[in-house]
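Engineer: Listed here are the chains, written in short residue letters.
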Amino acid sequence: MRDEWFRADRLPHIYCAGCGNGTIVNCVLEAVSMTGWDRKNTVFLSGIGCSSRAPGYILTDSLHTTHGRAIAFATGVKMADPSLHVVVFTGDGDLAAIGGNHFIHACRRNIDLTVVCMNNHIYGMTGGQGSPTTPLGKTSTTTPYGASETPFDLVDLAVAAGANYVARWTSFHVKQLTEAVLNGLNTPGFSLIEVRCQCPTSYGRRNKYREPVDYITHLKAHAILKDKWESMEKSGQDMPADSFPVGEFVRRARPVMGVPDEA
Amino acid sequence: MKAILEGSHAIAEAVRLAKPEVISAYPITPQTHIVERLAEMVANGELESEYICVESEFSALSAALGASCAGSRVYSATSSQGLLFMAEVCFNVAGMRQPIVMSIANRAVSAPLSIWNDQQDSIALRDAGWIQLYAEDVQESFDLHLLAYRACEDHRVLLPAFVCFDGFIISHTYEPVDIPEEKEVQAYLPPYNPLNKLDADDPLSMGMYATPDYYMEFRYEMDRAMDRSLAVLKEAGKEFKKIFGRDYSELIESYKLEDAEVAIVALGSICGTIKDAVDEMRAEGKKVGLLKIRALRPFPAEDIKKALSGIKKVGIFEKNISIGSRMKGAVGYEVKDAINDSSVQVLSYVAGLGGRDIRIRDIKKITEEIEKGKGDCFYGIREELI
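Sequences listed follow chains A and B, in order. According to my numbering, the stretch in the first sequence is residues 1 to 263, in order. According to my numbering, the stretch in the second sequence is residues 1 to 386, in order.
Keep in mind that the hints were calculated from the coordinates and are not lab data. It is possible that part of the hints are untrue.
Straight-line Cα separation of at most 20 Å, EDC-like style, residue types lysine to aspartate or glutamate; simulated pairs [to be verified]:
#, chain 1, residue 1, chain 2, residue 2
1, A, Lys138, B, Asp303
2, B, Lys306, B, Glu384
3, A, Lys138, B, Glu40
4, B, Lys336, B, Glu383
5, B, Lys372, B, Glu261
6, B, Lys306, B, Asp276
One side of the interface only, derived from the structure: several residues of chain A facing chain B at Cβ under 8 Å [said to hold, decoys possible]:
#, residue
7, His64
8, Thr66
9, Ala72
10, Ile98
11, Gln129
12, Gly130
13, Pro135
14, Gly137
15, Thr141
16, Thr142
17, Glu149
18, Thr150
19, Pro151
20, Trp229
21, Gly247
Virtual Cβ for every residue (Gly too), placed ideally from N, Cα, C.
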């Protein structure tokens with residue numbers, strides 16, 4: 001089923017060896033194929049960056065847009081024809097830096113899009129500059145002795161701005177990720193699925209996770225389920241360094257935009 | 001000191017020597033290596049500057065403009081989409097008369113997406129009020145940054161400048177570069193002395209509403225400043241020669257034009273290839289020469305007219321397209337206007353868009369077309385794709 005959505009003739013893909021993006025595309029296509037949607041009624045969009053090459057490997061209509069603007073383009077597509085299913089691939093730089101304004105306003109409007117953010121904490125395609133999700137102290141080519149600016153928490157941002165569905169997983173959690181994407185696709189309104197993923201080539205190389213397996217092991221070890229995270233916070237425990245909560249953070253039914261009227 | 005450096009790193013060295021107090025930039029291919037190197041210099045304490053990791057090109061130039069208005073020498077760099085995204089701020093920078101110097105690693109613009117070289121990006125912003133200089137090689141890219149700061153900050157000018165160089169072809173190529181001593185650069189480029197800056201003790205508002213009674217005079221003054229910059233750039237070039245030995249006293253460069261019957265006009269790195277092609281064609285007995293334009297803004301029309309006088313066939317090599325125009329390329333019109341002689345045939349050739357390689361044999365073919373009087377067209381279209 002999933003293979004029907006895939007442009008096999010576009011292989012080999014451009015992702016570096018060990019990159020997490022392929023896994024995420026796989027999970028998204030798995031989820032999409034579970035919806036029963038028609039390929040002809042589904043549109044994938046992206047901005048600029050490694051993440052944004054994804055629609056080129058998918059056998060549907062797609063728009064590869066300008067840096068940061070995928071959500072704005074997607075808003076146009078969805079409003080022109082609300083019966084279309086619209087999915088956006090983006091990265092941390094594309095979504096939270098140059099496209100940050102479109103992101104929060106799409107959450108505010110709660111427009112019916114599903115946005116999958118491949119968060120590798122860095123601008124991968126341009127060779128590893130610090131992004132708004134580079135954690136404090138982590139190195140990049142523009143923060144050679146460690147990032148000094150506080151990063152964004154994409155989940156908190158989407159929740160605060162009004163999205164109807166918000167989840168975070170990693171490229172290790174393929175089953176949970178697939179399920180979260182499926183939930184996002186099925187939830188009317190704006191859905192954000194943040195995926196922390198490995199970038200051994202740029203981020204890992206500068207932050208002691210040069211090997212993809214070490215990197216994925218690190219993601220697995222530092223992802224703490226949301227309920228456990230909250231109880232740790234309540235009990236006043238110190239959170240382990242580099243750890244982050246994963247799970248479903250919001251599933252709600254705020255008023256939405258871009259959903260076809262009931263017949 | 002001579003060093004073999006990647007073009008981007010050489011430009012970063014020039015910026016280090018110019019000592020901007022604020023650097024504000026966003027990653028974009030093929031510019032990124034410059035600002036990565038500058039970030040490293042700042043982090044290592046080799047350059048005392050504030051380096052701002054902004055969230056977009058729009059913010060990059062906006063922050064640079066703010067810093068410049070506050071009285072600092074500032075620097076930024078970008079390419080292609082990044083420059084187009086900055087377009088609104090570009091007009092603001094020029095309108096507020098801030099002498100910002102920005103590197104443009106020239107790259108094609110979307111859509112379709114291309115990271116490869118042509119000069120559409122900077123030429124699209126031709127009318128923004130920025131000086132536009134184009135470099136042929138790594139050394140010239142290095143030198144023009146220092147020259148640009150000196151000329152832009154001159155109180156007779158106070159306009160910003162793009163220092164343009166072809167993406168990848170120059171930005172990613174290693175060449176030997178002469179890096180001057182800091183003392184020499186200090187003598188050439190003293191600290192920035194702003195004519196007007198934000199000052200709480202003497203408050204000033206920049207960019208306020210100009211009603212129809214006032215607006216035109218601001219544009220008029222900008223245009224006059226750009227006209228004055230012709231002489232100021234040449235002065236800066238002469239002074240450059242005195243201190244560093246390399247000659248930028250003209251905004252054009254003539255190559256074997258003296259007895260030429262055919263002239264090719266071009267900007268940027270392709271001039272190197274054209275010089276080799278001219279040498280080969282000269283050996284074959286063709287009287288061909290090159291006119292390299294170093295400054296597109298201000299446009300050195302008088303100098304171009306003089307350099308091309310007596311030549312009856314002129315072809316302009318254009319790495320840009322003005323879609324819908326008769327000549328196709330944007331530079332051709334200006335050259336034609338500079339010559340202003342209906343007995344001279346002036347033709348444009350759009351070539352090398354989106355990184356398509358231009359070789360000596362292509363220059364020779366274009367020269368044949370100039371000789372035949374066939375032009376104002378694309379060169380090298382793959383008919384099988386049409």
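Engineer: Of the hints given before, which are not true for this structure?
Structural biologist: 1, 2, 4, 6, 9, 13, 14, 18, 19, 20 and 21
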